[in-house]
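> Per numbering that gives the first Met the number 0, residue 0 is the first one in the sequence shown, and the count goes up by one each step.
A couple of the hints might just be wrong.
List of simulated lysine-lysine pairs, DSBU-like, C-alpha gap at most 35 Å [as the list claims (entries may be wrong)]:
#1 Lys173 / Lys109
#2 Lys105 / Lys173
#3 Lys36 / Lys109
#4 Lys111 / Lys36
#5 Lys173 / Lys111
#6 Lys181 / Lys36
#7 Lys181 / Lys109
#8 Lys173 / Lys160
#9 Lys181 / Lys160
#10 Lys111 / Lys181
#11 Lys173 / Lys36
#12 Lys181 / Lys105
#13 Lys105 / Lys36
I should point out that these hints are in silico values taken from the structure, not numbers from a laboratory.
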Amino acid sequence: MERRAFCKTGFAGIGALALSGTIQAMEYSLKASEKKKWVVLYGSQCGSTREYANYINEGLGGIADVVDIAQTTPDINDYEHFIIGGWRNANNLMPAGIPGFINANKVPLKEKIRGVFVVLGNNGNATLSSSLTSFLNDKLVTPLGVSNLPAKVLFGRSDPKCNNFSFSYDNVSKDAGVDFGKSIQATHTQMRRFNG
């Protein structure tokens, strides 16, 4: 190989590597700047809702802060996009901090909410029914005053060490959580295109 051709090839390779690094840095920067805009706010008793919150974030591409309302209550102005979830205990959405946060921030949340979810045991029966969907709508969708957004009933687990029930089951599905996160991202992207 001639010296000139060798140098050209070498410089082209160095340029390609530099450009590749710049593109990767831009992608990382975009994800980092986007990260502070999204939050998955949840409350959990035995860990199922926490797992789903993390799976949903995984489906979003890891751009969200995952915040347990028992640890901290985010300022509504700190985020542009909220995904909110809790768990069902009888006919109540738990923990009380989730409905409390919704009631305290109802007006600004209406423009920022991107998805809602509820995790429930249903005595180990992982079959969706109209009463379960009604619970989700009555406790999360309607109080937020929103429609046409991703909303999901997810099935959890029972651990006698945590909840003192005499039976155990595990219906937590990583795929269901990740897929829900992807559907939130797809819906948000579609709405941004539609609204310009």
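> Against each hint, give a clear statement of whether it holds in the structure.
Do the hints match the structure? See the list:
Taken as a hint, the lysine 173 and lysine 109 pair is honoured in the structure, with Cα atoms around 28 Å apart against an allowance of 35 Å. Taken as a hint, the lysine 105 and lysine 173 pair is honoured in the structure, with Cα atoms around 30 Å apart against an allowance of 35 Å. At most 35 Å may separate the alpha-carbon atoms for a hinted pair to count; lysine 36 and lysine 109 meet this at roughly 16 Å. With a C-alpha separation of about 10 Å, the suggested pairing of lysine 111 with lysine 36 holds against the 35 Å cut-off.
A distance of roughly 25 Å separates the Cα atoms of lysine 173 and lysine 111; the hinted pair therefore holds under the 35 Å criterion. Between lysine 181 and lysine 36 the CA atoms are separated by roughly 17 Å; this keeps the pair inside 35 Å, and the hint holds. Restraint check for lysine 181 and lysine 109: satisfied, since their Cα atoms lie roughly 21 Å apart, inside the 35 Å limit. For the proposed pair lysine 173 and lysine 160, the alpha carbon gap of about 22 Å is at most 35 Å, so the pair holds.
Between lysine 181 and lysine 160 the CA atoms are separated by roughly 33 Å; this keeps the pair inside 35 Å, and the hint holds. For the proposed pair lysine 111 and lysine 181, the alpha carbon gap of about 17 Å is at most 35 Å, so the pair holds. A hinted pair counts as satisfied when its Cα atoms are at most 35 Å apart, and lysine 173 with lysine 36 qualifies at roughly 24 Å. Proximity of lysine 181 to lysine 105 is assessed by CA-CA distance (about 25 Å); at most 35 Å being required, the pair is judged to hold.
Distance hint between lysine 105 and lysine 36 is fulfilled; the C-alpha atoms sit about 18 Å from each other, no more than 35 Å.
Figure legend: structure checked against the earlier numbered hints; every hint is met.
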